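Read off the chains here:
Protein chains: 2
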Amino acid sequence: MKSREIRLVRHFTGPVKPEYFELAEADIPAPGPGEVQVRNAFLSVDPYMRGRMIGIRTYVDPFQPGQVMDGGAVGQVTQSNADGFAPGDWVLSMHGWREAYTAPAAGLMKIDANLLPAQAYLGLAGMTGLTAYAGLKRMIGLKEGETLWMSAAAGAVGSAGVQFAKAMGAHVVATAGGADKTAFCREIGADAVVDYKAVSDLAGAVREAAKPLGGVDAYFENVGGDHLQAALDVIKPFGRIAACGMIARYNDDTPMPGPTNLTQIVGKKLTIRGFIVTDHFDLQREFIGDLSRWMIAGQVQMRDTVYDGIARAPEAFMGLFTGANTGKMLVRL
Amino acid sequence: MKSREIRLVRHFTGPVKPEYFELAEADIPAPGPGEVQVRNAFLSVDPYMRGRMIGIRTYVDPFQPGQVMDGGAVGQVTQSNADGFAPGDWVLSMHGWREAYTAPAAGLMKIDANLLPAQAYLGLAGMTGLTAYAGLKRMIGLKEGETLWMSAAAGAVGSAGVQFAKAMGAHVVATAGGADKTAFCREIGADAVVDYKAVSDLAGAVREAAKPLGGVDAYFENVGGDHLQAALDVIKPFGRIAACGMIARYNDDTPMPGPTNLTQIVGKKLTIRGFIVTDHFDLQREFIGDLSRWMIAGQVQMRDTVYDGIARAPEAFMGLFTGANTGKMLVRL
Numbered sequence: 002m003k004s005r006e007i008r009l010v011r012h013f014t015g016p017v018k019p020e021y022f023e024l025a026e027a028d029i030p031a032p033g034p035g036e037v038q039v040r041n042a043f044l045s046v047d048p049y050m051r052g053r054m055i056g057i058r059t060y061v062d063p064f065q066p067g068q069v070m071d072g073g074a075v076g077q078v079t080q081s082n083a084d085g086f087a088p089g090d091w092v093l094s095m096h097g098w099r100e101a102y103t104a105p106a107a108g109l110m111k112i113d114a115n116l117l118p119a120q121a122y123l124g125l126a127g128m129t130g131l132t133a134y135a136g137l138k139r140m141i142g143l144k145e146g147e148t149l150w151m152s153a154a155a156g157a158v159g160s161a162g163v164q165f166a167k168a169m170g171a172h173v174v175a176t177a178g179g180a181d182k183t184a185f186c187r188e189i190g191a192d193a194v195v196d197y198k199a200v201s202d203l204a205g206a207v208r209e210a211a212k213p214l215g216g217v218d219a220y221f222e223n224v225g226g227d228h229l230q231a232a233l234d235v236i237k238p239f240g241r242i243a244a245c246g247m248i249a250r251y252n253d254d255t256p257m258p259g260p261t262n263l264t265q266i267v268g269k270k271l272t273i274r275g276f277i278v279t280d281h282f283d284l285q286r287e288f289i290g291d292l293s294r295w296m297i298a299g300q301v302q303m304r305d306t307v308y309d310g311i312a313r314a315p316e317a318f319m320g321l322f323t324g325a326n327t328g329k330m331l332v333r334l
Numbered sequence: 002m003k004s005r006e007i008r009l010v011r012h013f014t015g016p017v018k019p020e021y022f023e024l025a026e027a028d029i030p031a032p033g034p035g036e037v038q039v040r041n042a043f044l045s046v047d048p049y050m051r052g053r054m055i056g057i058r059t060y061v062d063p064f065q066p067g068q069v070m071d072g073g074a075v076g077q078v079t080q081s082n083a084d085g086f087a088p089g090d091w092v093l094s095m096h097g098w099r100e101a102y103t104a105p106a107a108g109l110m111k112i113d114a115n116l117l118p119a120q121a122y123l124g125l126a127g128m129t130g131l132t133a134y135a136g137l138k139r140m141i142g143l144k145e146g147e148t149l150w151m152s153a154a155a156g157a158v159g160s161a162g163v164q165f166a167k168a169m170g171a172h173v174v175a176t177a178g179g180a181d182k183t184a185f186c187r188e189i190g191a192d193a194v195v196d197y198k199a200v201s202d203l204a205g206a207v208r209e210a211a212k213p214l215g216g217v218d219a220y221f222e223n224v225g226g227d228h229l230q231a232a233l234d235v236i237k238p239f240g241r242i243a244a245c246g247m248i249a250r251y252n253d254d255t256p257m258p259g260p261t262n263l264t265q266i267v268g269k270k271l272t273i274r275g276f277i278v279t280d281h282f283d284l285q286r287e288f289i290g291d292l293s294r295w296m297i298a299g300q301v302q303m304r305d306t307v308y309d310g311i312a313r314a315p316e317a318f319m320g321l322f323t324g325a326n327t328g329k330m331l332v333r334l
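Going line by line, the protein sequences match chains A and B.
Counting from 1 along the first sequence, just add 1 to a position and that's the residue number in my numbering.
Counting from 1 along the second sequence, just add 1 to a position and that's the residue number in my numbering.
FYI, nobody ran anything at the bench for these hints, they're computed from the structure.
Just so it is clear, the structure is predicted and the values come from calculations on it, not from any experiment.
Please note that the accuracy of each hint is not assured.
Note that identical chains are pooled: a pair holds if it fits in a single copy or bridges any two copies.
Think about it this way: if two alpha-carbon atoms lie no more than 25 Å apart in a straight line, the pair counts; the simulated BS3-like pairs of lysine-lysine are [to be verified]:
| id | residue 1 | residue 2 |
| --- | --- | --- |
| 1 | 3 | 270 |
| 2 | 269 | 111 |
| 3 | 269 | 138 |
| 4 | 18 | 198 |
| 5 | 270 | 111 |
| 6 | 270 | 144 |
| 7 | 111 | 237 |
| 8 | 138 | 270 |
| 9 | 212 | 198 |
| 10 | 111 | 18 |
| 11 | 3 | 212 |
| 12 | 138 | 18 |
| 13 | 3 | 111 |
| 14 | 167 | 212 |
| 15 | 144 | 237 |
| 16 | 144 | 111 |
| 17 | 18 | 237 |
| 18 | 167 | 144 |
| 19 | 237 | 3 |
| 20 | 269 | 3 |
| 21 | 270 | 18 |
| 22 | 138 | 3 |
| 23 | 167 | 138 |
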């Protein structure tokens, strides 16, 4: 069986370009003992993958040039040589960036596509959702009645976090870029929304927006740069910052200076906690319990941006850095 | 009775200059009901005072131009009109920057100058010591066998922290500027010492120094700027940073950019906690208990840098920013 896949051409820093990726075809063998063959239905593109393209060991190993890349994907078993897996079964894997694969069943997670649409396991009910949940619950310790500033609030983690924070009884100031995204932030329940592309003074705009909500108690960092600078200015004393990502920095060719106001960390007695979702899988059961309750109550809704076809996966990935997605960015195969 | 005092001439940003201070004489009234008259013996100059000279409300109110400044001081009662206070009693107050004062006894703390030298209550056994203790115990949660990087390790808080960390069973890499200070750091027990003025690659030098100690688990931030940049590079995953001060930044005329490597906060899953000692007075009893034990065991020693005479108080203060002090900087009156 043939499968098309996306391979990394070479490691790079700076902006992502189409020529760093190539579409290739691979032979997919019949499953050996304990293995299954799977046809992917959706694959996930995520900001953290950018770090794997630089070629330096960070918290995950780099992608290898000439090799197909890994990433979250959901698909259906087409052939099985493993106990407990039958054709038609839905599975979640890290074998993304390809149409099909053969792999040991032991590394796959069976998912229930009747309970939730299969692609939800890549987004709201998957690593994306758990990331938002861990940031709010464990890093920030968000409490009812507090006000959260969510950055990149129309993005995958951001839009999950806005809804979770509201469901937890907090107020939310959302920042996002452009009219469509700010409208989306309102739709999913943000109490106040600031279009960062439309204001010259981000700190001032967020401060004004947060005033009727009692000011900013906590900040969820997805952006870095000017957003972090503004957050340090705006946040109240004893504020908590969950540092989930700094997407504005990932494509820098040369290192960019940080905020000029880091002394606020001392003066305002702030806590900043960086985190990676893989250290918080122990929250999974509690997360799924809360999420189910919130979804049944209609407090949380899914929203994806979908690109069609494996050939468009690099374009979908590049779109993460230009703000092409509202909600989770997915590639449908 | 006459007393000489130091007044702030005007608010300012940028480097501290002698002309921003003036020596003046004031009349000290006889104590009214509930008041005492005190002659100061030592006054404290501290980096946090720099923020009060800018004229902006931070976590403490600014000093007022034309007025005498406040600060920690120890002295002896000369006249008393208050129950429980007799001439000769030693008191700790915030009525620094002056030779004598009359004030309500209710705002003063009686200290035991037999137990410890009176000036210790401005340093190791006072706010300085409690600052180091709160940073290590509460912000970092330093554990036995871990390795701490103490910045400005020959300074007041730094030298207290080096000794406390060693007494807690941790390893210490100390950074300080110049041969005298690095020698002092060794004297007080640092396992490894780096002279930051003598190296071109601070991160590399600290990494090497910490290697036999298992690498840097925690960083105590007193400096900011290049030190913070190096700390983010050197510290191990899940590292904890106590942000106590950033003295390198206090005299900036214009805001200076921060480190270029803040994404390490996410990738290494770091925790950074800013703090001010005044929020941690509840640790006082535990602190004094530990400190007494450590002093009796000879694990902690006092070291001060002393300038003589009220007229030299501005010079002593300015010396904090040029590294003129080893240990606590005091003015003896």
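Check: Are the CA atoms of residue 18 and residue 198 at most 25 Å apart within a copy, between copies, both, or neither?
Finding: within (24 Å within a copy, 42 Å between copies)
Check: Can you tell me if residue 3 and residue 111 fall within 25 Å by alpha carbon in one copy, between copies, both or neither?
Finding: The answer is within: 24 Å in one copy meets 25 Å, while 85 Å across copies does not.
Notebook entry, point to check: Quick one: residue 18 to residue 237, C-alpha cut-off 25 Å, is that within a copy, between copies, both, or neither?
Noted result: Neither way: residue 18 and residue 237 sit 40 Å apart in one copy and 32 Å across, limit 25 Å.
Item checked: Intra- versus inter-copy proximity for residue 237 and residue 144 (alpha-carbon distance at most 25 Å) -> within (15 Å within a copy, 30 Å between copies)
Check: Given a CA cutoff of 25 Å, do residue 138 and residue 3 count as a within-copy pair, a between-copy pair, both, or neither?
Finding: For residue 138 and residue 3, the Cα distance exceeds 25 Å both inside one copy (44 Å) and across copies (59 Å).
Next item on the list: Give the relationship of residue 269 and residue 111 under a CA distance limit of 25 Å: within one copy only, between copies only, both, or neither.
Entry: Neither. Shortest intra-copy (46 Å) and inter-copy (31 Å) distances fail the 25 Å Cα cut-off.
Checklist line | Intra- versus inter-copy proximity for residue 144 and residue 167 (alpha-carbon distance at most 25 Å) | finding: within (11 Å within a copy, 38 Å between copies)
Next item on the list: Tell me, please, which holds for residue 212 and residue 198 at an alpha-carbon limit of 25 Å: within, between, both or neither?
Entry: within (21 Å within a copy, 46 Å between copies)
Checklist line | Alpha-carbon proximity between residue 269 and residue 138, which holds within one copy, between copies, both or neither at 25 Å | finding: Both: 22 Å inside a chain and 19 Å across chains, each within 25 Å.
Item checked: Status of residue 237 relative to residue 111 across identical chains (alpha carbons, at most 25 Å) -> For residue 111 and residue 237, the Cα distance exceeds 25 Å both inside one copy (44 Å) and across copies (35 Å).
Next item on the list: Pop the pair residue 269 and residue 3 into one bin, within, between, both or neither, using alpha-carbon distances up to 25 Å.
Entry: Answer is neither; intra-copy 58 Å and inter-copy 39 Å both fail.
Checklist line | Status of residue 3 relative to residue 237 across identical chains (alpha carbons, at most 25 Å) | finding: neither (57 Å within a copy, 44 Å between copies)
Taken one by one, the earlier hints fail for this structure at numbers 1, 2, 5, 7, 10, 11, 12, 16, 17, 19, 20, 21, 22, listed in ascending order.
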